[in-house]
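A.B. asks: Single-letter residue listing:
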Amino acid sequence: MSADDPLESVTGSISDGDPVDWTLAESSVSQDDEQGPLRALREIEKVAQGFHALQASPIPGELEGSAALPAERRGERRQWGDLVVLELARSGASGEVWRAWDPWLQREVALKFLQVQQRQESRFEDSTLLEEARLLARVRHPGVVAVHGIAEHDGRVGMWMEFLEGTTLAAEIERAGSLPAAEVLRLGLALCHALEAIESAGVVHRDIKPSNIVLERTGRIVLTDFGLGRRWELADRGWRASGTPIFMSPGILAGEEPTPRSDIYALGVTLRWALTGHPPFAARTLEQLKAEAEKGPSTSLAAERPEAPPALVAVIDRAMAPNADHRYAGAAQMASALEAIAAGERRPKRHMTTALLAGAGVVLLLFLASFFVRRSEVRAPESVTRFSVSAPPHMTLDGDPTSAVVSPDGLQLAFVATDSNNVSRLWLRTLRSLSAHVIEGSEGAGAPFWSPDSRKLAFFANTKLMKVSVDGGSPEVLCSAPDERGGTWGRGGMIVFAPQATGGLMRISAEGGSPVPVAVPDSSRHEIALRWPQFLPDGKRFSFVTLPAREGAFDVYVSSIDSPARRLLVRSEASPIVAGKDQILLVRDGHLMTQRVDWASLRLLDEPVSRGPSPHSDVSIGQPLASASMTGVLAYPSTILDNTRFVWLDREGRPRGVLPVPEGRYEKMRFSPDGRRLLVMRRTSPTNVDLALVDCATGLETRLTSGSQTRIGGDPTWSPDGRKVAFSSNRSGPTDIFVKNVDDGAPETPLYRSRALFKEVDLWSPDGRFLAFEQADPATSWDIWLLPLTGESKPIPYLRTSLGEIPRAFSPDGRWLAYYTSDAGYFQICVQTFPVPGEKHVISDLSSQWCAWSRDGKELVFLTIDGFMWAVPVTTVPTFHEGTPRKLFRAPENQLWIAPTPDLHRFLSLVPAGSAPPTTITVELNWPAENERRTAAR
Amino acid sequence: MSGKIPGARPDIHASTRDLLVTSDLLQQAKTGDAAALDALMARYLPRLQRWACGRLPAYARSLFDTCDLVQETLLKTLQSLDRIEGRGPESFQAYVRQAIRRRILDQIRWSSRRAGSEPVSDDLLDRGLSPLEEIVGVELFERYEKACAELREEEQLFLHLRIELELSYEEIAEAMNRPSPEAARMGVQRALRKLAEIMGHER
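Read top to bottom, the protein sequences are chains A and B. FYI, in my numbering the residues of the first sequence are 1 to 938. FYI, in my numbering the residues of the second sequence are 1001 to 1203.
What the hints contain is simulated information worked out from the structure, not anything from laboratory work. A couple of the hints might just be wrong.
[What the hints assert, rightly or not] Not the full set, but computed from the structure, chain B residues with beta-carbon under 7 Å of chain A:
(1) Q1098
(2) L1132
(3) I1135
(4) V1136
(5) L1140
(6) E1142
(7) Y1144
(8) E1145
(9) K1146
(10) M1186
(11) V1188
(12) Q1189
(13) R1193
(14) A1196
(15) M1199
(16) G1200
It should be emphasised that the depicted structure is a prediction, and the values quoted were computed from it without experimental measurement. Glycine included, each C-beta is placed from N, C-alpha and C at the ideal position.
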């Protein structure tokens, strides 16, 4: 602040767009003639902020900021989140409403962009839009437009609701001139009931008028356009001029806060206008209106419409009473008055005694009807609000359902997002806010879970269990978790987690210490793994799933941190989700089911209610498919499987064309030894994956497997002569090993079956004698086993350590095996003698999980986790020697899999075709309401 | 030209093309260079559309009306560049601003006619507030506009470019023929000071 001229400093700040310290400025101005300009500068700052909000907002109609013209003008359809935007329905002061298609609800919706709100949010830190949506969602009534969800996409905040087809009351009055008294009575009753619901939700509508009332073709009368956030924002800042003055009560015009009685007044004006066909006041200025509203209409309604029932006129007059105390206290009271009129109209004129008795009956019936109506309204479930959370800019969301977790209080969402270097981090989004922030130091994060007070998060990263406070600070390592399968945080700071893919559960204090076993697999039940623990609401007992699955479902038990005893709770195709004080979410027959549960007795209550197909397909590993708060908030990633395409890359990573294959979703591939055919893994449906052969010259594809499996584990491989393939399939539960001739059409035959859950074939030895497969073991994590193909097919372990090891490539002479291991705390490629593991060489110090060996044996290539392909010259005779790795190229950022030709001269990169939208996280607020609705519908 | 001065408002649509000199583009456009015309359109269209949308009340504003209005006006201006032959880029800016203001008024009048006669004042039925009026209030915005009208054309243009369109000082210096961004900043500050004095003493 300039000491010489405070005004200059203020003009500088306004010009630069910097905040002005008005307290300092006002204290610096001493001369009287500077007071006026300083006040004016304060006003100019407000105007400048208005222009700034305008410039920060999208151009109306422009769903993407850079488009010169709306795509709709060019006849194109636009996607906004999950919605397909169809056409502009109307444009108003508070924003635009578009007709859109909601593929989730399978129906048309009205998509509203609250432009003014959005502009204000750009200036005011705390968004009220989400709060507003929640508030609206609480108003569940057929007379009030139903809100389906709110989200932000493409930099625009939008709220979508039911699409109403019909006309507005304003248009109807304009068309008809005025409405019959009976119609006004029906209108009044319907609107009173809608207002009752609004009042019950603690909301004041604030803008009841004919143009905000829709008359649907079905006869339904619907109140729309609350604009709550906008008006409250405005009201908070003294801008009460916004609105429609002629419907404002004298109190509002005098600057008082809106109340249910001011809504009653607006309803009175609306009904009177409908009955007479013109507004009740002749004022042409605001001052005149204030004066007239204070006195009431100059012409009595009874005089204007003498044929109207006097009782109806009296109700409208009372609703419009200038003194709020003289109006109805609420919509219910006004509704009662209108109901009495309606009853009187329906009541037949009979003998007095009969009429009295009958009248009493009608009153009783009305009372009972009213009672049941109210009961049903009271019991009517509130609606579900569903919205999508997109990835932060330049990030992608992991479609893994354990990667997004809502906090127990339902106010925060933690999720894993991956950057272009393939580094995942934990992000945090408060549901009140429209943006997320990254948790620093969370590189490599996965499977996060919340503390019961929603203040801390635990997660797994780089083979460690870690914790971090959401209020800030760096993550702390709690203990080792080499191959985690979920964790949960109970009361008293106790964490229960599955440190390995196989084996039991451990517990550890959130304050640190050493983990100790808390539950172990029951060998008598042939269990090999306990996973996905989840504390029950008491914070002491926890549920977990046991593997392997039996007949397609997992046994789910409940145990306690105080006792090893366990009790069967339920069977489910995925880990159940503890979702509130008496709710559990299960998966059965591929459908997400909800069921009430008595946690004290661990008894399931009522019948399960289906919520439709489960959001994820692969439930073979038992993981939970969603996350739920204790407050009715549900979150799960929404991934639409994209088709893929095969792109040829040269050794510099330059695209060299596309391998033409039938359109579809391919997941992995491997070239035949002669390089002429490609073994591909193709997902034919969300619940089935098959193997097929592709002729590289023609692109012709031949289906290879005939089974039905959700999972083909490992990396299906060719026999050295190219006449057979070996693969692992979970068609009968565990992933067993099969072999198939590729040319004679004979069905595949099982080679090795066992109770071990995961036996995943990766390689066929060059001499044809062994299959190398990875197998999970409770004690030793992932091990490398060899399945002899001659003599007795009894597997023999190759590497069985406490670390995870996965076979990746044989040297062509069959004397060396390249594999990756978690030895260093991250994944690195090693080469070791074969078939007896002896001399060992570390090839890559960088974290890498994939490698291939050239057909001539002179080169190894490996892909590091940051997406770079490296080549390292090697010799295998007389002994192994590796040269200096050389970076070849950076693989496509969105690459799903890569396969080199046998000579390593070219690479085939599998990338998404780009036809599917990116993964988002779907959040449902008040999800139990849908459960109640479905229960009621049954 | 590309450096940002401290405290500058964020340039929402900064791009390499935005940093080209308007006078050069104008010269090229006059010779029929379609790319230069496109560049000028790209430079001004989004900001002017936002500015115009903020001034149109809802009843006069529809999705296509506003976009068309600004685009059409800007195109016409660019197509008739000969009429502002020999004058600098500031004339171009002023010309465009005035042309769009005129079109906005036309649009409001046209929309009023289209709505038909109303038995009650529009002010009471639907205040027809523009987004800007909703944000800053009708009375304040009218006083701002009225006070602006009392400024010299050059001062109005400084405020228009900086406060209303949020151009950077570099862009304003170039548009207003000032030797440096700092000189443009001085111009804006002086105009602001004068505006404050007019508004501050009118009460």
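A.B. asks: Hints first: check each against the structure and report whether it holds.
C.D. replies: Against the structure, the hints:
{"no.": "1", "hint": "Q1098", "result": "18 Å, violated"}
{"no.": "2", "hint": "L1132", "result": "5 Å, holds"}
{"no.": "3", "hint": "I1135", "result": "4 Å, holds"}
{"no.": "4", "hint": "V1136", "result": "4 Å, holds"}
{"no.": "5", "hint": "L1140", "result": "6 Å, holds"}
{"no.": "6", "hint": "E1142", "result": "11 Å, violated"}
{"no.": "7", "hint": "Y1144", "result": "5 Å, holds"}
{"no.": "8", "hint": "E1145", "result": "9 Å, violated"}
{"no.": "9", "hint": "K1146", "result": "12 Å, violated"}
{"no.": "10", "hint": "M1186", "result": "9 Å, violated"}
{"no.": "11", "hint": "V1188", "result": "5 Å, holds"}
{"no.": "12", "hint": "Q1189", "result": "5 Å, holds"}
{"no.": "13", "hint": "R1193", "result": "5 Å, holds"}
{"no.": "14", "hint": "A1196", "result": "4 Å, holds"}
{"no.": "15", "hint": "M1199", "result": "4 Å, holds"}
{"no.": "16", "hint": "G1200", "result": "3 Å, holds"}
Checked against the numbered hints listed earlier, the structure breaks hints 1, 6, 8, 9 and 10; every other hint is satisfied.
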